[in-house]
Structures are given as C-alpha cells and as structure tokens.
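Each chain, letter by letter, is given below.
There are 2 protein chains.
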Amino acid sequence: MPARLHNNIAALFAPKAVCVLGASRDPAKIGHVLLRNILRAGYPGKIFPINPCADKILGLDSLRKPADIPGECRPLCLAVICLPAEQVPEALCELGRLPTRAAVIIGAGFSESGERGVELEEKLAAIARDFEIALLGPNSVGLCVAASSLNATFVEGGLLPGYTGFFSQSGAFAAAMFDWAADKNFGFSSFVSLGGKVSLDESDMLAYLADDPHTKVIVGYIEDVSDGPKFLRCAHSATRKKPVILFKAGRGDGSFTGSPGMRVSQDLAYDAAFTQTGVIRAKEIQDIFGMAQAFSFCSLPVGPALGVVGNGGRIGAVAADSCLETGLVLAHFSDKTIERLETCLPSYVSARNPVDLMARATAARFAGACAAVLEDPAVNSMLLFAAASARGELDGLPHAVSSLPNPEKKPILACLMGGAGVSQARRRFFECGIPCYPFPEPAIKSLAAMYRQSLWKDNHMPVEIGYRHDKRRARAAIEQAAAEHLLELSGYYALEVLSAYEIPCLDAKLARTEAEAVQIARHCGGPVALKIASPHILRKGETAGAALNLEDPDEVRAAFADIASRTGPERGQANISGCIVQAMAPKNARELVLAFNRHNSFGPVLLFGLRGYIRLFDDLSCRLAPLSLDDAGDMLREVRAFPVLAGLDGQEPVKLTALEDILLILSQIAVDFPEIQELECNPVLADPSGANVWGARILLSPAALENLR
Amino acid sequence: MPARLHNNIAALFAPKAVCVLGASRDPAKIGHVLLRNILRAGYPGKIFPINPCADKILGLDSLRKPADIPGECRPLCLAVICLPAEQVPEALCELGRLPTRAAVIIGAGFSESGERGVELEEKLAAIARDFEIALLGPNSVGLCVAASSLNATFVEGGLLPGYTGFFSQSGAFAAAMFDWAADKNFGFSSFVSLGGKVSLDESDMLAYLADDPHTKVIVGYIEDVSDGPKFLRCAHSATRKKPVILFKAGRGDGSFTGSPGMRVSQDLAYDAAFTQTGVIRAKEIQDIFGMAQAFSFCSLPVGPALGVVGNGGRIGAVAADSCLETGLVLAHFSDKTIERLETCLPSYVSARNPVDLMARATAARFAGACAAVLEDPAVNSMLLFAAASARGELDGLPHAVSSLPNPEKKPILACLMGGAGVSQARRRFFECGIPCYPFPEPAIKSLAAMYRQSLWKDNHMPVEIGYRHDKRRARAAIEQAAAEHLLELSGYYALEVLSAYEIPCLDAKLARTEAEAVQIARHCGGPVALKIASPHILRKGETAGAALNLEDPDEVRAAFADIASRTGPERGQANISGCIVQAMAPKNARELVLAFNRHNSFGPVLLFGLRGYIRLFDDLSCRLAPLSLDDAGDMLREVRAFPVLAGLDGQEPVKLTALEDILLILSQIAVDFPEIQELECNPVLADPSGANVWGARILLSPAALENLR
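Keeping their order, the protein sequence lines are chains A and B.
Take the first sequence: its letter number 700 is residue 690 in my numbering, and every next letter is one higher.
Take the second sequence: its letter number 407 is residue 397 in my numbering, and every next letter is one higher.
Keep in mind that the hints were calculated from the coordinates and are not lab data.
Any given hint could turn out to be false.
Covered stretches of chain A, as calculated for chain B (at least 3 residues, CB under 8 Å) [as the list claims (entries may be wrong)]:
1) 101 to 110
2) 233 to 243
3) 274 to 287
4) 306 to 316
5) 403 to 410
6) 425 to 431
7) 631 to 638
Heads up, simulated EDC-like pairs for lysine to aspartate or glutamate below, C-alpha to C-alpha not over 16 Å straight-line [claimed, not checked]:
8) Lys461/A / Glu486/A
9) Lys273/B / Glu315/A
10) Lys273/A / Glu84/B
11) Lys55/B / Glu102/B
12) Lys326/A / Glu365/A
13) Lys19/A / Glu146/A
Each residue gets a CB set at the ideal place from its N, CA and C atoms; glycine is no exception.
Working from the sequences, and respecting the hints, build out all of it.
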C-alpha cells in the first residue's frame, strides 16, 4: 500500500472534519439519518451538510457543494456520500480535487444492479486510485470509530466504546451486529461496513486495526477475499499483534478439479489461508459473537487446563463433554485446592473438577470455590456455571468473582442459562468484564479458540528450504507438451518435470531388446513389471498388456518376447519400440496423494492425503504455497489417517522427511510455473526407506498454454 | 407398569385437590413459595396447606396432618412434600394409607448427600411401590400442568400454556428452561422436574405424554436412563405418536472394552437407542430450545427441499452451507415461481434460491416472494431471513407471512439477527406461530430434525428373521470353557459357539500327518497356510511359525515336515499333535469387525465397522439387540467407509446379505447368552461370494461364569 494511502486511511478513522453529501431535511432519507447519527454521537470536529438546495439541516449551515468546504478542513475531511449512484463518480472526482482523501459511499445501485453499476464501480475504483482516496463502499452501512466519537452509519441506535475492531462485507450482517451489540452493551473500537470493496478491503482493515492502539481483537465477516496475497501478508502480520477472528460465508462454493477423490471444496483454501496466517475461523455465525466477547474481555490462557465451578449438578459434565472436542482438558486440582474446596462445600460433596456447589449455593460459596480454583497453578482458565435457581444469589456473583485476586489474569468465562431471571446477572458479568454465555458449549468453544491463539503467538518462525532443481529442463518438457497441444500431461512429460526437480519417481526405463530388459531388471534389484512402451507410467494395479512380478532373467526374457509378439501385430503398429521395465511396488508401501491446485484468490494450494481415506472421509490437509518446513510437517500430521504413516500395530513408519521434501518441492514448482494449473502425484508410494511418485498428472492452464505457443 | 399406577400418574397431572406438606408462612421458605405459586396460577381445585403449627397460610386454612384431608379428596389428591428429608418416609407412608396416590418430593438431602440419603431413597422407593404411589423426586423442582392450571414448582414466575411436554432430570436445567420460556412467551402442556427418580422416570413421562392430548412434542433432558428396556419400549411407542427430542449429558462417560480399535464410548449405546426408537438427539443444549420451538409450532415437512427468502444478501448462503451438512437441499424453483419472483424483485436481481430481496425490501415484497416460494410444489419448507436493516418493515412481516395461504402446512421458520431492533418482530413471529431464531444455523438444524422425524413416521415395521442354530452345542462349548476357568475364549471354543449358530467360519482343520495335510489342502481348493496346531485361529498377517501360500501337494508336504521338525523339539513338547491347515485369505477381501458388547442400561449393543477405519475415524455403526433386518442393513450402510463394501472404482461389491446374516445371528447369540459379556468377530473377511469369520474372541462375564461352575 502506498504510504500516502495509509495516511488517508487514518483520515477515515480519525477525520478532522466530516461532510455529508446528500444531507437531507427529510427524516425518511438516509442523508438525514446519517447526519443525525453523527450529531448524536457527539462528533467534536466540524460537520458540513452538503445539499445544493437547503440552507440549514438539523440546525447546521448547509453548503451547496464540496468546494465550499473551507480549505484548512479539506485534506483531513471524511466525506460521507449519500447520493444516487449516477452522481457519485462526479462527486468523488470533485472531492479528490479539493483535495479530500477519505470517503465512504453509502448508496446502493452499483454492481449488484447490473452492467451499468459495474461500470460505475470501475470508475470509482479508478478515481480512488488516481487521487489515493481511502474509499469505503459503495453499498456501505457506514462506519463508527469510538476514539473519534464518530457514528457515520445510518443504523438506528448507537454503539458503546470497546476493544473490538469490527468489519463486515455484508451490510445486513453489520446491521445485525450493531443491533446485537447495542442490546448487550458490547462496545467497539471501530465498526466498519466494507460494502462493495471497490477500493478498501478486508486486508486494509487488518493492516489498520492491527496497529490501532484502541483495538484489542479484530473481528470480521467476509464473503470472499479481494486480493489473496495481500490478505495473507496483512493477516499474518496482524495475528502476531492481536487475535483475528473471521467468519467466511459460502463453504460450498466451487470445487477443485482433479481425480475423483480430489474434487474437494475450494473453501479448503480459506481453511489453509486462515491456518497459515493464524486467523481464527468462526464456523457458525453465533461463534463470531461468542468469540468477540471472550477475546475482548480476557487475556489468553497459557495452557489447556480448565476448571469448572457451578451449581448445575451434572450440567458441568456438558462443559466437560465440549472440552473433549476442542483440545481443552479438565484441570487436575492440587491437594491444596481440594482441601480449600472442601471447606466451601457440604461435607458429603466431593471436590472434583467440574465442581458442583449444589443447587442452593450462595454467592459466598461460589466466590470461595472460584478463589480456590483460580489460585491452583494447574488451572489455566475457569468457567463459572450458575443456574437460575440460585437467583437471589446470582446478582452479587459477577462483582464477587471479578474482585478475586487473579494476578496471572487467567481468563474467566461465565455461563448463565435462562431468561429474565438471569438477565441482570448477565449484564453485570458484562459490566465486570466477564463474558457471559447462554449455554456452556459456546463458552468452551471461545475458550478453546483463545488457547489456540496463545499457541499461535508462541509459534516460532517458519523455516524455508531451497532444493536443487533444473528449471530449464522442466520448462523444456512443458514447452514440448505445449507444442504438441497437450493440456494434460501424464507419463513421460509429467515425469520429466518432477525429475527435473529431483522428486524421486518410479524408475521406468525403455528396453528395446530382451538383453536390455534383463539388464534394466537387474538394475532394479527386485521383482519387475514389463509393459509395452508408452509414455504412460504403469499405475499400480493396472495390468492389461503387462507382465508382473518377474523375478529372474528368464522370466523377463520370456515376458519381453510375449508382449512384443502379442501386442505388436494386433495393434497394427509398424514399429514396436520395446518394453518399459520397472520395479514392482514395495510390499507394505502406503499409497498417498500429494498435489497442488490453484485457487482464484490464494494461488497454489498444496493438498495431502492417503488414498482410500480422502474420498471416504474428506481426510485431506491443505496449505498455501510457499510452504515452510513446519507447514509440510503439519500437513502430514494433520490428516486423521496419520497413524497409518507413523506405523499402526508396530508397523515400521514411513520416511516422513521424504514426504516433506516432496511437498516442499511441489510448492516450489507451483511458484516457479504459474502455467501449471494443477499437479497431482497419485499414487505416491511411501515406505520406511523413502517415497516414490508412481503416477503423476499435470494440467496446464489454457491461458498459459496460449502464451507458450 | 401396573394399570393402577398408570391411573395414579393421571392424578399427578390432573389432581382433584392439592396438599402441601411443610407449607409455611415464611416467604423465604420453599413451602411458602410453592403454595403461593399454586395460588397464583389459579388452580381451581381444593388446596390444603399442611403444617402442625399454623392455622392460616396465605389466607388458606391449614391442616395439622395429612389425615385431616377430607375423605372424598384423598384418592385424587396430589401431595407436594416440602419436608426435611428425614421426615419424608413417614409422611409418605401416612399419605399412602389415606390413600393418596400422587406425590412430589421437593426437598434435597437424599442420595446426593451420602449413605444415609441412599437409605432414605430406598425406603421411599419401597413405599411408592407398596402403595403404588405415582411419585416424583426427591430433589424435584416440581411440576406445572397447563390443562390443570397447576404450577406446583418453587421457581419464580409462571408458564404459559403450549404444546410442549417437558421433563428434566436436572433441576438446574428445569429452572433455566422455565426462565427462558417465561422470557420468550414459550408455552408448555406439562413441565416436570424428575429429580432423583426413585419411582417415576423418563420412561413413565414418555408413556404418559405420548397419550396426552395437550402435548404435541415431547422434550427431555436426561443424564442417564433408569431402566433400558422400559425406556426402549416407551420411546419407541411415543415416537410413533409424536416427536421426542432428548438431550443426554455425559458424552464422555465410560467406554466399552474390546480390542484397541473397539474401545469406544459407551455413549454410543444411547445413539443406538435413540436411533432405533426414533428419538431425536439434541447434540448441544441450545438445540433443545431451538427444536422445541420448531416442533411445537410447525407441521413436519414432507421432503428435504428448502426455499430460503431473505434480504441479507449472501447471508442466505450461510443457510445453504448448513443444508449441506444436515441432509436438507435447496429446492429447485419451477419456472412459474421464478416468473412470480421476478415481479417482486428489482429487474437486475436474479430469482434463484436462496432468494435475495435486497437490503431495503418492504414487507409487501417479502410477502409476495414468500407466497411464490411457498406455493411451489418443489418446496417442502421455507426459511425466512430478515436483517435488522429492514427494521420499519420487520414488524409487519410476521402477520403478513403467517396469513399467506399454506394449505399443505409447509413449515415456515424465521431468522432475525440482531438485538433490540428485531426483538418486537421476533415476539410477533412467536405470536403468529412461526419459530424465530437468532442465527440461520440453528433454524436449519431444527428443520433437518423435523425432516428426519417425518421419515421416521413413514418408516415401515421392522422385519425379524429367525436363524437355524444349535443352542445346546454353543452352551456346551461355553460350559467347557468355564470348567477350564477361561474367561476369554478364542480359537476353538469361540469357533464352536459361532459354528453352532451356523456363522461361516474359516475352515481350519487339524492334520496329524503329511498325507492328511495334503488331503485337507485339496479340500480347501486354493492356496493354503499351515501352522502348528493350537486352539487359535491363524490371523491374517500372523506368520511366525507358519507356512503361507502353499499351492501344491509337494509344498504342503514339505511345510508340514518343516514345521513339525522346527517347532517340536525347540518347544520341548512331547506330543506334537500336527498342523492346522487352512485356506489363504481371498484376494481383495475386505476386513471387517462385527461384534457385540453389553451396556449397563441397554444390554447388548451390536457394533460394525471396517478394520483400519474404526480406529482412525471412529467409523463405527451401532444398534441395540435384537436387530431387525432393516437395522442390520442400516448398520452396514451407515459407516462412512460403506463405499468400500459397495465397490469403489468398479470393484465388485461384497455380499452384503451375508454380513446382515452374521449381524442378525450375533444379535440372537447376545440375547440367548446373557453370560457372554462381549463377542468380537475380528477380522471377518468379506468378498463378493460371502463372508467368513477369521478370528473371534468371546469374553464371559465373571458373574455368569460363577453361576456356570
């Protein structure tokens, strides 16, 4: 991003003046509601309604046109544009010439409304680029910035200040979040509706909010990513500074091509992008709300051990059930903690985790037990569960718990199930900075996300490895295939590309005579297979016209003669060039798929899985290129079938480093050859001594092919 | 259940009089709160406070003792007991002698408080049994019955009448549900806190509520099931009449024993019990609330096709994402529907499912689009999604939508995200009988559960098959093993049991001479394996001291001699009895596990899975015995690895009926031999021609063994 644009984004969030183009005296018009909201939120700078016909709007002097804005206010002025779509480009140009450098376009009628709208958006993008305007929208609900006392949205109500920096690609979702937050007294540092993203997008928000001192956690709702590499850079940098929680709609959108088992949803690329940049993905919409609370109120837990204190009997077990699925564990209390708990509890109750304080527990009993649990060094976080039956006692609970000594800032979350009977206590928990949930499961989910974030922060820096390779040889193979008008390369050409990058491939050699066949077979070392020469590798299990398991020279000779005689005349070929001789698959080898495919936003996506598990269980791991060494290791370990590689039932493990190498080299090929749309090594046979590619397929992108010709 | 007890349960739900033992003038006492709640709810029958010291309580004449209740009121009187635990048995006896036949014990201090409490509970159970008292509790929060205008709980607030019959084993959860419902104006036909279940339990509630004309859907929270067979009977009968939704806490409780891959959670038995009886399992606590609304307001959808109408742009895609995971599908609109939608929509918007009415859609536009979607024959249900931005229009929406013609009663669900801005519209949806959710995912989950329920209702009756078997021969093998003090049977004895039930087992015969070995090998038909005689079956892959893949008589003879010479002297055995000769495993056979284990509440649980997938993916299906033919078929098809059986990549499918037979026979063995704790056929080799048990292990229950000796 140019440095000046970055400054202009600052003007968006902290303008010295605000002008509203299309300000109106009609309370039904958005241009009125917006001006009213700005006034109500107490924006301290100058406010200029702009309307060619009105003199005064909402008590303010109205200007006729942007050029009437006093010169000293112009550069750091935020322009809020509530004009009909057709008028916007002209107005934006006028603003740009002033110069005004930050604008938000509220109105609709752009690309969502057909071709004409698409043209308008292209114009806006060009204007914003030329004048380096920090431009939000079109179709934005507006933005709020607590530190600037700015509410430039047309949503009813107002927002409280808080620690969450929020952005949303969907105006509907932004409005819902606004309304929810007002209801819950949940506050924001910044609240931004991105709208149509002709200029500023989610990546710009990540970059800005990461350095915004008022923002403790970044939360976003996106439907796509405008610029993959930019997103990756901004997200990776932001998550090192603060937690980033994103929800992405459209899990079912599109799928990658590939062999049948590999037709997986393109949404996997988002999983990979989020995983590699440390973004926490909210899986359900409600998770956004739950996690925003937890992250903005609490410090991160330093470990997975949870203490549960409640009066809900076995409902504590529900929290324990959720732990099972999230990577958290129930803490083992120390003897000292158990002693302390026993003083809080009736004599007949055992002091174990989850702690059950019994139905009619007092606030004092709660506080005593919470203190004991919180002080146990084995406890990293605490969930407080209170049922409505303890009602009278509930209202005092938030203050009692938030006053407990908690020098290590262990996160405390509360769960209160019910309705009106718990609503006051819920509000108080909020006021005391303790997030409070209506059910145990979302509380545990949020805590688990916080724990993962703490692991991410402690993550060391990635290691990258360069491999020896002959790029020119690989390019020659691709160009030769292109010259033959091949879009899909298998066999010889695919092998050539892999071999040029020193990926170990099945040794398959052409024997033109029986004697050559015997010689090659000897070189292979074990039993071999023979098949008629063709540029295709013999896939495991593919036996037509082939002789398998040949152990001695006589067998090889006989097979050669047989294949040559059988296949030659029948196929009517004048020149039989010979037989391909190759080693048989090692026994107990495991069959894998290592591949990459290309995603529209994120570019090359590496895929890894075990054949036979991918299709049945979607058991696939996924990372974006370029891979680091850690990424490659994680890809292997992340599939659920990993124990098959690591050696089940005393079986010897396969050589994992050989697989990491192949993944890393594929990553490099993906980067080196943008013209390769898709590369699938399938099967790759791995055993304790190494890994070999037994079959491979390369798909060139038609566009790239055009260029090569 | 004895017929009289059934009548007495009716007295619990529709008492002609109510007495409160331990009624109190002190507003802090439960005995006061309870009496006050009964009065406030307007119970029309006689109310008798009972207190040895007071004359008047809350304006009512107080009786000194139960015997003072007038004779004509006694039999159909409900006694609410708010006495200290120690006094309860005596009081219950007194009531029983009156005779009073329905009682609820509110107080705590029973089994949860130690040994003395356990004794008290045993006494209560005996008294209830002797007098056939319909007894709730102890430790109950009480019960509410709308049709009787009865609120005999100590919870603050009151409940509205509705269609949901609710019970909870947890008092804390009951209180939370009560509070939530009061807040949401959600009503109940009956609301029952089961408490300690010394007498009445979840099964009794299912039996009663299934026939209760005021109840349209049954919802329950349980922590365990008191009596497995009783539950199965009651649940199966109830779900044929109305939907039953249960949440069970404690997913991680206990695991079955078995070989390493088979150590799965005992909670699986609940999954099986719910599946086989048609109970809908709520996986998260919030699902209870969401599903209760949907089932009590809506009719069931007749198919999976959903129409989505909303103004939230791509948020509709979130609903579509959820459909992917639940078995619902997005409906394909007819041309007529698309035409009609186009008249509701701006010209530039395409009319596809999910329908996006654009941000500022009016109530009229919503209604028009909903009418079109609802009338499309391809649509089975509709989700209406409205974002807060359409606020002014939202409040009119519930009435507009609920007034649409809907002759087929297709279920309509609504989703409104936000806070105060949507709360009025949410309430109105409720009042119009349209369930309304704060997020799209729970709405889709509820709809999916309704669709599954509609399938269950249409389910035909199960088919049971009797198989030929020789029970006496199986019993003899078990007794012989018992005589040898074997708890675990493998090899010969296990085979004997399976063979007695005509389960096909690997043919493994003892050859005492080379000649015999050759003869047996010839009989096997294909390549054979030889191993030293032992009562254990040769497992596939087990090669120590064995010769494999012997194809001709010479090889067999040589192997026999070799094994006899090699193994005999080394092991120092005086009598080498010979070699076991058995067929080699067929090529391309698939390796399966078919087993049963025993659950404390539900008895024998059948388990099925493919080796290699069970451990890695928990890919196991589970049903309770006795199995029906459909159950057996479902077990095979339910595992995710089923395509491996059905034939991946053109592979021939295995003979599924052979596997169904084995499962059905195992079910029969489980029923016939309660002394078998666990039986595992592992591996079972299946191919297109049939299935054979290649290894089996039977674990006897120590108690049963004791009896056999």
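Evaluated hints:
no.: 1; hint: 101 to 110; in the structure: holds (count 4)
no.: 2; hint: 233 to 243; in the structure: holds (count 5)
no.: 3; hint: 274 to 287; in the structure: holds (count 3)
no.: 4; hint: 306 to 316; in the structure: holds (count 5)
no.: 5; hint: 403 to 410; in the structure: holds (count 4)
no.: 6; hint: 425 to 431; in the structure: holds (count 4)
no.: 7; hint: 631 to 638; in the structure: holds (count 4)
no.: 8; hint: Lys461/A / Glu486/A; in the structure: holds, 11 Å
no.: 9; hint: Lys273/B / Glu315/A; in the structure: holds, 13 Å
no.: 10; hint: Lys273/A / Glu84/B; in the structure: violated, 58 Å
no.: 11; hint: Lys55/B / Glu102/B; in the structure: violated, 28 Å
no.: 12; hint: Lys326/A / Glu365/A; in the structure: holds, 10 Å
no.: 13; hint: Lys19/A / Glu146/A; in the structure: holds, 13 Å
The structure fails hints 10, 11 (numbered hints given earlier, in ascending order).
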